[in-house]
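Protein sequence lines correspond, in order, to chains A and B. The first sequence stops at residue 66 when you use our numbering, and every number in between is there. The second sequence stops at residue 562 when you use our numbering, and every number in between is there.
Don't take each hint at face value.
Straight-line alpha carbon distances no greater than 20 Å define the calculated SDA-like cross-link-like pairs of lysine to any residue that follow [claimed, not checked]:
1) B:Lys247 <-> A:Asn29
2) B:Lys339 <-> B:Asn437
3) B:Lys247 <-> B:Asn437
4) B:Lys235 <-> A:Pro23
Bear in mind the hints are in silico, worked out from the structure with no lab data behind them.
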Amino acid sequence: MKQRLGHILTIVFVIAMIMGVGPGVQLVNRPESVMGLPLLYVWGLLWYAVHIVIVTTAYLYLWRRD
Amino acid sequence: MLLAENTVATNSTTLAYVVVAGYLLLLLLLGWMGYRRSRAEEEDYYLAGRKQGWVVTALTIMATFFSSFALLGAPGMVYREGVVFALVSLNVPVAGYGVYLLGRRIRAIGAAQGYLTPADMICDYYGSRVVLRLLVVLVGIMFAVPYVMMQLKAGGELASVLFAQYENAFSWGAAILSIVTAVYIMIGGMRSVAWTDALQCVLLCAGMMLAGVAMVSSLGGWNSFTAGLENLPEKSLTVPGNTGFWKLPMLFTICLFMPLGGIIQPAQWMRFYSARDTATLRHSALVFVIILTGCFLVGIMLVGLGGQILYPLQQTDAGGIAPHSSVSSYDQILVVIIKEKLPLLLGPTIGYLLAAVMIVAIMAAAMSTADSNLHAMGALITRDIYDQFVRPQANEAERVWVGRVVILLTTFLSLLFVLMGSEKDSSLAGFMEMIVNLALFAVAFAVQLLPITLDMLYIRRGTAAGAIAGLFVGLVVAFSFTTLPGVVAAAIYGDVSQLAASDQPWLVQWIRWVGQAKTVLPIHATAWGLIPNAVVFLMISAVTKPVSDQRRTEFADAIERG
Numbered sequence: 001m002k003q004r005l006g007h008i009l010t011i012v013f014v015i016a017m018i019m020g021v022g023p024g025v026q027l028v029n030r031p032e033s034v035m036g037l038p039l040l041y042v043w044g045l046l047w048y049a050v051h052i053v054i055v056t057t058a059y060l061y062l063w064r065r066d
Numbered sequence: 001m002l003l004a005e006n007t008v009a010t011n012s013t014t015l016a017y018v019v020v021a022g023y024l025l026l027l028l029l030l031g032w033m034g035y036r037r038s039r040a041e042e043e044d045y046y047l048a049g050r051k052q053g054w055v056v057t058a059l060t061i062m063a064t065f066f067s068s069f070a071l072l073g074a075p076g077m078v079y080r081e082g083v084v085f086a087l088v089s090l091n092v093p094v095a096g097y098g099v100y101l102l103g104r105r106i107r108a109i110g111a112a113q114g115y116l117t118p119a120d121m122i123c124d125y126y127g128s129r130v131v132l133r134l135l136v137v138l139v140g141i142m143f144a145v146p147y148v149m150m151q152l153k154a155g156g157e158l159a160s161v162l163f164a165q166y167e168n169a170f171s172w173g174a175a176i177l178s179i180v181t182a183v184y185i186m187i188g189g190m191r192s193v194a195w196t197d198a199l200q201c202v203l204l205c206a207g208m209m210l211a212g213v214a215m216v217s218s219l220g221g222w223n224s225f226t227a228g229l230e231n232l233p234e235k236s237l238t239v240p241g242n243t244g245f246w247k248l249p250m251l252f253t254i255c256l257f258m259p260l261g262g263i264i265q266p267a268q269w270m271r272f273y274s275a276r277d278t279a280t281l282r283h284s285a286l287v288f289v290i291i292l293t294g295c296f297l298v299g300i301m302l303v304g305l306g307g308q309i310l311y312p313l314q315q316t317d318a319g320g321i322a323p324h325s326s327v328s329s330y331d332q333i334l335v336v337i338i339k340e341k342l343p344l345l346l347g348p349t350i351g352y353l354l355a356a357v358m359i360v361a362i363m364a365a366a367m368s369t370a371d372s373n374l375h376a377m378g379a380l381i382t383r384d385i386y387d388q389f390v391r392p393q394a395n396e397a398e399r400v401w402v403g404r405v406v407i408l409l410t411t412f413l414s415l416l417f418v419l420m421g422s423e424k425d426s427s428l429a430g431f432m433e434m435i436v437n438l439a440l441f442a443v444a445f446a447v448q449l450l451p452i453t454l455d456m457l458y459i460r461r462g463t464a465a466g467a468i469a470g471l472f473v474g475l476v477v478a479f480s481f482t483t484l485p486g487v488v489a490a491a492i493y494g495d496v497s498q499l500a501a502s503d504q505p506w507l508v509q510w511i512r513w514v515g516q517a518k519t520v521l522p523i524h525a526t527a528w529g530l531i532p533n534a535v536v537f538l539m540i541s542a543v544t545k546p547v548s549d550q551r552r553t554e555f556a557d558a559i560e561r562g
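Pulled out of the complex, with its shape left as it was, chain B reads as follows (with noise of 0.2 Å):
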């Protein structure tokens, strides 16, 4: 008997396994036939010849938009904060807007002037080759690799869990999924990604819905949910959540500019770029407002919920809280359901299947928008960096071969990264602790693109003078109130909490002085950068020249025509 049910599992088990090897190798097909349709120019490689169809675009922006931060990164908020976190999920309509607001103008203006990334056409349009170009790669650069991060801190996340009898479980796991992403954006281009995107959008939606219906029935059905949230601790269920962190400028503040920064980002830019028409971009908008917040709210947000009644959190001796002594780390409660929860409820053969499709949705989450943000990388280096300053007489077909290089050693540079910030006792453990964090860090600079491209989509009074300005004094401060400077102080000074506070170094100064104001008025750093920023480039703006009308009446012709 014993026998039989072992021989069961391990069936079960190298079912799983196929279900996944068979994932990633269609991934790879699926690359393959990218490259065989493409062709050896830029626009076709970065934008799909700029005819992608509605039900691909929308997929490819909603994959780009939802990443680990969906099916892992979210989960683990919850689980950590409580159900302040579900109201997180409002900030997705936001985006779903912006989709068409904005999305439709860049991709009018795009294919009137044949920009292929988000700085040809803000310099194009401000007059500034040199300046306002690093000043939108160096965002680029900001927003990609920490998004990168996340995406293969998901992969070792998932594998530490599953393979948790292996040693090196996290670094094979974020390894397997960084390589195999290169792989195939190196090969097919925008085609693959955006094909590949649309398989893992699907998978993506359903394992989030799934993941929220599996959560309901390991706790015995709807009655014992909700009977079981009714005797959650009351921080769990109240605004600011367990650790306080979610004030409601905090909040608010999150909801409102996370989502601009997310779909004005080069990835998604380049993504408006790729659309075929106008109507791509409202059918995209309309799915991504209700199909994607619906994923969010009623399915993923409830693993969090029911993860803190099977694993209660546990109060440590300094008053905090921390995760129950079988899940690690707060992003990995889904994955800890999966495998200790489904076979259990569902059988061998089915719970481990299901399992299997959970973990192909969640590495299809992480891919997906692994691989946008890559292969923007590759675009904005190449055309904006290489193009302008280093070769400028390289032809097409070489400098798509430089965006690969570029993939790659992105790829491995974000891994790196990862690899260091999984140590314990690395300075960048704290900084890369959760998802969400490395996502919200991000956003922090993406969203600094927002004063210029509502300037040059909406207003057009904005000046290139103007624009730089705001835009470096936005990132300046929006950094400043991130958590990286704290881990640069830390790496750099050591523990200077004894020191009187005159003793201490400018920097650690600066950082309890930023402390101080987050306690005074506590919004993210996305709000803190984007205040001056927008100050700044209003103020600059009035007394300097202005862009030619020429450009400008170019520009608002090519809205016109849509």
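If we strip away everything but chain A, and leave its shape as in the complex, we get (with noise of 0.2 Å):
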């Protein structure tokens, strides 16, 4: 259970990098605006959120236990 949430965070981890600051920035690299914020900081403000999930994850109930 443990190995396998660890697995799990690390595959979104991965995910996040790639979209977040790697190839996945193509998606939104125009300048077009969310809210009247750029497009590209919103895509950074969603990814800040998919960090606090995957860190929140891991001290709850992964690295507690270790």
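Bring the two chains, given one by one in their own frames, into a single complex with the hints.
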């Protein structure tokens, strides 16, 4: 169970890096805005939220048992 | 009426000076308190007796990670490049995971074996007493000196805006910041550094968020701010930014490797040793990812974006960009806004008070990193050079004093480089133009410890010969791909662009080749060094004598016990 959760979080982390600061940025690389904020900036906020989920899950369910 | 306004302004300026002076005195008081609680033992001076609780540990790890990079460098880079640099905030979670995944194991082994410095662990594991130790110390120096330099530069940038009427404001700002920092580390060691870091981290986080709020307010509120953003040039809103530097491979490699270099550099490594237990690092990692990334992304990054609205970039004749005429250098954007906008926006009393708090936050950011790196330098040179090769018979009190002398000398050396680089015609001027560039230069070396670190903590298949060869190759290649060789070549040979390629000196030809390689694959020097480092480490380890089973078992058991 713990190992499986570890693998899932690792995969989500890799996706967050590839999408947040890697090739995934190409999907939003245009000078548009969302609610007044640059699209690229909102993209960063989205992947920040994903990192919060990763670290909170790891903290509560993975690292506590170490 | 005019007289009354002048009186209010004068009183407010005095209030700002009092806040800043009070902050500096508080730091010295904490240094003295740390001294009163300390014992003349290395473990106490360098690791606070390995009993640091999670609040202080979390705050000192964060404060060491976030330096003047956070409050001056990052908004300066966003001001120059646009929103692309805001994405660099996503490097912070990588460092946060490293705090737990690497830090927990480093702490466990360090506590079991009684290590003080990174080289203690690395050399003991691989059984290389001399060569590997010297290489690890070299990594420490190559990281610590530029990192201290960028903090002192921040002091200079701050002073040169706030005291623009004085001719040598930059030099005085850098000098005062360096003196106060060196004094309180020399007095109290790790305990003082950690306590002051804790205070400075709170100020730093508050300053980052406050700066974002102040920026939005300066532009007349959220709606005006977002309306201004929509009118920014297209390059400021897209990758690769205004200068074209932040291409995706560059962005990705920096976000992945810069935080890892920052988290295994000697000062952080020693913070892991000083943590009381595993839970301390678990809490620290959580706080690190959530709070620091947030301060960066939703706080300080807004300053750089707003700066482009308030002080639009200028086009140069050569087709490049330059800061607005009111902003001498990109790194000064926050300080210029603090000085020119806050008192107008909030009135002289609250405006100057808030400005003073922001100034204190900038100083806190710079000093909290400078102190940690100077303190680590003291440990590295004393423990890994003086104790090993110069005077092995020295007692602990003597070694602590040698560490203090090293701190003083490193401070002086860093200050000297900063003052040289601040001269307009200096060959170092371009290299030191931006705080972020200095940070990227420093981590290019620290991250070369990554293959060795992962091997010791997780894999345990590498060998001493592999570690030495990989680290050496990584350092040489990483150095080649930084901007410093170009500076050295320019200082030695001057302008050689008129010479035929075959007539150019070998160093210039090498730099030209490196430039072509960077064009083909625009990744950062950290990655350029790390790739051959890892390959050589693996290849040499496959054919040389492995580390003893006993040593590998000791490390595995220490990790298992936590």
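Out of the numbered hints, which ones does the structure contradict?
-> Structure breaks hint 2 only.
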